Amino acid sequence: MNPLFWSWSAVTIATVLGGFLLGGFLTGIDRKLTARMQNRVGPPIVQPFFDVIKLWGKERVMVNPMQLLYANTYLFFSVASLVLLILGWDLLMILFISAFASVALVLGGYSVESPYARIASQREIIQIAAAEPVLVLAMVGMFLVTGDFTAAAIPEHPRPLLVDLPLVFVALLIAIGIKLRKSPFDVSTSAHHAHQELVRGIYTEFAGPTLAVLEVGHWFEMIFFLVFLGLFWAPDWRIAGLLLTSTFILELLVDNISARYTWSWLLKVAWVGGMGLAAVNVAWLYL
Amino acid sequence: MRQRTVIPFGPQHPVFPEPLQLKLHLEEERVIEAIPVLGYVHRGLEKLAEQKDFVQNVFLIERLCGICSFMHALCYCQGIESLIGLQVPDRARFLRTIWAELARLHSHHLWLGLLADALGFESLFMQVFRNREIIMDVIEATTGGRMIFCSCLIGGVRRDIPNDLLKETIARLDQAEKLLDQIAPVILAEYTVKERTANLGIVTKEQARKLGAVGPVARASGIAMDMRTLGYAAYGDLDFAPIVEEAGDCYARIVVRVKEMYQSFDLIKQAAKRMPKGEHALPIKRLLPDGETVVRVEQPRGELMYYIRANGSKKLERVRVRTPTYANIPPLLHMLTGAQLANVAAVAVLSIDPCISCVER
Amino acid sequence: MLEMLGNVIKNTLATPATRRFPAVQREPFPGTRGHIRMDSDCCIFCKRCEIHCPPDAIVVDRQDRTWILDPNRCIVCGKCVEVCPKDCITMFPHHRAVTRVRIREIRGEDDGRGRRLEPMATKEE
Amino acid sequence: MRELEAIEIGVDQLLGEAHLLAQDGWRLVTITCARSEDGCEVIYHFDKDLKLKHLRLQLALEQEVPSIMPIFFPAYLAENEAMNLYGLRVTGLNIDYGGRLFTTAEAPRHPMARPAGARGEE
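Chains as they are written, first to last, in our numbering: chain A, 1 to 287; chain B, 1 to 361; chain C, 1 to 125; chain D, 1 to 122.
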């Protein structure tokens, strides 16, 4: 056993524990802040943990056994992408792994007979198609700036990425709105409340412990994208933290001031707006 | 041949407060055909109304529907009063008007909240319901109930609103109106709301006539049909005109209802200002209904019609209720054909404001 | 999109309009129809409430001297309060929790001079 | 006894009268069905500019009545309801729920078909 193995193991365990706690608390803060924006008292900050514990204690009811596999796959790849990001691996590979998580979710939605889940799965595919190209472009931009595809290279870069990639950052805000399932981008399912058109979209047929797994998976996904955004001011973690906080509040604010939109509009915004901004930024780096 | 999916939309669906099932035949996400499946809350109330005596019926009829319960009682009482030839005291007429408008206000608030929710606009939904709570408080303070007023009576109203309470009520309603001022521009001008509702589920004036649309659905299509212009209760003494929009789409129906909310505030204030003094109820001892009549009032959802037949005894021979949603189902099916699934909630539920317990009775 | 922004900011700074429900409760308005209670001391078992009750929730037995209310049927309309000749049924503004038990008021025999021989009892069955 | 000002018609006149009303721009409000001892009474309510007009039809038991759905489309709900609850025999319906608009297959067939005052079919 070499020392590298031990340090990696330590980082992995710390990330899993930290991600779980931070993810739950962030979701709690999200719910509390959302409630305050709506002039409500709102749940306690630790409510998401209560929810997951309660779900975990419920009877395991599954429409078919594959659901559990897909839910666990989703959780595993969400955790893995976060761990690899913290370990500073190759960004493209990390993106690929996080896409695996999304695909597992889509398969989970498709594996049941419910038309709501199926239509939501179709929409989730569109969401993936809308968000992933923006993320790839962002990574290309990062490569162009740092000359390296690994996440570890970014903190070593002398200047914050945001200086070179401001438009990419804006494009990422859209992509992350999609990934966090916030209005107006919550077409396939929504993070906290039952979805109106499709009941609860992909999550419709998940229940009890299986749903708890999905909830936790979503926490990790959220942390993953926030850490990814944090890379834009990587050398100084205090400013990065400030950046993340304001981004988070901005997403909440947008969630609260807009209605859900249709998927065709989502594609338009993500491709024309998001990819356009990112592409302009990347092209500008080339020149 | 493209793949067809049948979605059982309802009877339990977050967007429906009530159990209506729509079998939606979809091609991709486009609705090809919509078939309503009714009967989840059929209770045979019309038959039950023949078993009870005509005074007890007021309480039964009120429970026909939760949202517009007062309107049902009002309509029924007016029918019986016309059969026994009773002139309601003036104060009762004005009090009835105030309660009818309060019922309209809380119904429209409910509808606006549900619309916001169906559009995925959670924060707007919460704001609307916060406002609605003020209206509900006013209703509870004046009638003693939140949903079921139990305040209409054959020959008048069951309790009076004393003048100091009336003043307090108006002050509270002013507060609610101010809060509505914050929200109304959002629902009327917000980009996402407008984009999702304009040019959706269009019912032209001609189609609305043919399909028998009533209430806000008809008014949004340019038909100035409002039963309040018949002048029942105190409406004959108040100044108002039906609110009409021409576009006939989902957005026009939103505009009509939002304007009607302001109109209701105005009507309540007018009625409070001109509130006459005097009795609020007349005794109906030894008076029995005889004959048959048709009465109509304007519910929040449109025209409500009662056909009552009595035979000079305590029990009625036939009570027939035609509720506005009953008349608005054909226009709804028309709107749904060709709609996108994403818009079914917004179009279906919200633009006709369905009330299924009314439909099935 | 910005129409809602002012409202959201105002809300964030204001105190919430909701309350922490089971812990903090609003007092009902004085005229609220919460639940009815019968004071069997003055009941004369005249059956008027039974006759007028729209959902037939009250059953009065003159022989057994009982007055039974089925709270599950009762719609709290207050008709019995209005028709009671002795005003012994009263409306209270607080809501009673949902229950399946029936409320039975029993009164013992009178000795003819207004004094009860047996104590009055309220039984929930 | 205040009677409704209704125009008494026979079954064969119904479609003709309905046609005339439709051409004149009347709107079908609803159809009321009531059962009497020896038959069935059907009242068609129409509205135009807030004025009402009623057509009254006296039917013997088991007598058939044509649907006015081709003329007034919204009639189908009321006709299906009368078929379900009162056992009215309507012919020529395009949207036919088979007498099961509200009730399920195991429910009483025509729950309101007894004359007024009497309890419905058990």
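Just so you know, the hints here were simulated from the structure itself, not pulled from any lab data.
All values derive from a computational prediction rather than experimental measurement.
Just so you know, not all the hints are guaranteed correct.
Said to hold, decoys possible - List time: in silico DSSO-like cross-link candidates among lysine-lysine, alpha-carbon distance up to 27 Å:
no., chain 1, residue 1, chain 2, residue 2
1, C, Lys86, B, Lys47
2, C, Lys47, C, Lys10
3, C, Lys10, B, Lys52
4, C, Lys86, B, Lys259
5, B, Lys47, D, Lys53
6, B, Lys210, D, Lys48
7, D, Lys48, B, Lys259
8, B, Lys205, D, Lys53
9, B, Lys315, B, Lys47
10, D, Lys53, B, Lys210
11, B, Lys205, B, Lys259
12, C, Lys86, B, Lys285
Determine which of the earlier numbered hints do not hold for this structure and return their numbers in increasing order. Per hint list: 1, 2, 3, 4 violated.
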